Amino acid sequence: MKTESRLEKVLASGALAVTSECGPPRGAVPDKVKEKAEMLRGCVDVVNVTDNQTAMVRMSSWGASVIIKQMGMDPVLQMVTRDRNRLAMQADIIGAYSLGINTMLCLSGDHPHFGDHPQAANVYDLDSVQLIQTVVKMRDEGKFQGGKDIDHPPKMFVGAAANPFADPFELRVMRLAKKVKAGVDFIQTQCIYNLDKFETWMKGVCQRGLHEKVYILAGITPMKSAGMARYMKNRVPGMDVPDDVVKRMESVPKEQQPEEGIKIAVESIQRLKEVKGVAGFHIMAIEWEEKVREIVEKAGLLPRPEL
Amino acid sequence: MITAVRKSIEEIIACVSPYDRILLVGCNECVSVCSVGGRKEVALLSSALHMHFLKQGKTMDIREMTLERQCDPEYVEELVNYMDGADAVLSMACGCGVQTIAARYREKPVFPAVNTTFMGASERQGVWSERCQGCGDCVLGITGGICPIARCSKRLMNGPCGGSTKGKCEIDANIDCAWQLIWDRLKALGLEKRIEDIMEAKDWRTSRDGGPRTITREDLAS
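The listed protein sequences correspond, in order, to chains R and Y.
Each residue of the first sequence is one higher than the one before, starting from 1 at the first, in the working numbering.
Each residue of the second sequence is one higher than the one before, starting from 308 at the first, in the working numbering.
One thing to keep in mind: the hints can contain errors.
Partner residues aside, some chain R positions facing chain Y, computed with beta carbon under 8 angstroms [what the hints assert, rightly or not]:
no., residue
1, SER98
2, ASP125
3, VAL129
4, ALA161
5, ALA166
6, PRO168
7, PHE169
8, LYS178
9, LYS181
10, ALA182
11, GLY183
12, GLU287
Calculated pairs, PhoX-like style, for lysine-lysine (alpha carbon to alpha carbon, straight line, at most 20 angstroms) [as the list claims (entries may be wrong)]:
no., chain 1, residue 1, chain 2, residue 2
13, Y, LYS509, R, LYS137
14, Y, LYS473, R, LYS233
15, R, LYS233, Y, LYS475
16, R, LYS224, R, LYS213
17, Y, LYS509, R, LYS143
18, R, LYS181, Y, LYS509
19, Y, LYS500, R, LYS181
20, R, LYS2, R, LYS233
21, Y, LYS494, Y, LYS473
Just a sample of chain R residues kept apart from chain Y, beta carbon distances all over 10 angstroms, derived [as the list claims (entries may be wrong)]:
no., residue
22, MET1
23, ARG82
24, ARG86
25, GLY95
26, HIS113
27, ASP167
28, ALA177
29, PRO237
30, LYS276
31, GLY277
32, ARG304
Derived from the structure by calculation, the hints contain no laboratory data.
Quantities reported herein were computed from a predicted structural model and do not represent experimental measurements.
Think of the CB as a built atom: it goes at the ideal place given N, C-alpha and C, for glycine as much as any other residue.
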């Protein structure tokens, strides 16, 4: 084991891991974090805590992560390179680790253009690949990115994202290979609605043996309505929602659409469980955390392993 | 070249209205090529200001001058005989020109009439696009001749990000995804494998982050 991470232990045990996420509130409302995290207790292994998602200011990822840690659960500290330079990021990694956080996710983050501070400076001192390298170097070599020794290096289990659906598709496996080369331990993918395309990508991943070097968690987001399906299809960059999924959501009356969305999510997990190289699931129920337990249960992923 | 766009007439008027005699100075270099601060634009702005102030019942004395190169002290020296007759200078050059005037004529207020925007190239008649951020450590040799720092919205060194869609950037469908362009070029050059080479964290000291930069050529410096 490289770390004390619960996620690493679950994955190393060979069990399918289940992760979910909690978007921190837009204000000093610790109870909101607790309320969301409580819904996930016992049905997931670790809880990702987003970092100013969609470039909107929220409670910091590490602040909310500490709250979750204090509840006896295991957070995944998400960190985007958009808002902080390498000094600030390494400082936060040490701070978070000192407070018991041992798992993190390295991202470039949404461009400020999408958020409520489009006026903000766009830092990008590092990109996501370089952040992976930085955290791995801190852990394995005990050195800062700048090269100096760290007194008691933080030992993070390091994750990153992959979007098999973005363009150009032909280099999406190579991009994963690059993150693997940088030393990433696990991957959480973009939400999967086009299962055929995901399977094609996974085939490419397995052909190169990348599934043996990195744990890949398939991203699942249940849709609440046909409107959400259309929005995701047409408005969210890098999202691939096939027409038949939109049609299926539209084919049922509005009040039954949430249930249909859950059904699609569960069926997707069932099918993806059989796909070679899938090591678990990352369930992103956006502002719908109360449904995660139901999805995990119906997908046959309960109980979660006791470690 | 350095590109610029003219400031709004209202902003320019607000700057110069306290004065009676203005020295309006254009530049024959970059801003002339991108049609924002050359001789012709100096004449147009001068007329617009005259008309505005005449309507206000004020005669504004505007002297027009267009220098060969406003960022060069040698040419800025040509203004010396006109300074006594001016209360303020209105410059249509890039920020380098404005500052060269400010440095030489310390007691004269200088106002920019243009917003200096970027180092770019002409795409077609009337369209310029950003191409270089002057990072001081050029990577074009390994990125197929396309700069990820100037042209990727997140200046990713190991792109493309997950928002690249049909060759376009996630922030604007009119912006090309730099990493799609890089990928297409590497393919055309038979260098696809290069996309997997990790570009290490950049040393931004050669860029603006290392503080204001100076080049001193010992072989030329006097």
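*Please write out, lowest number first, the hints stated earlier that are contradicted by the structure.*
Per hint list: 1, 7, 11, 12, 16, 20, 23, 24, 26, 27, 28 and 29 violated.
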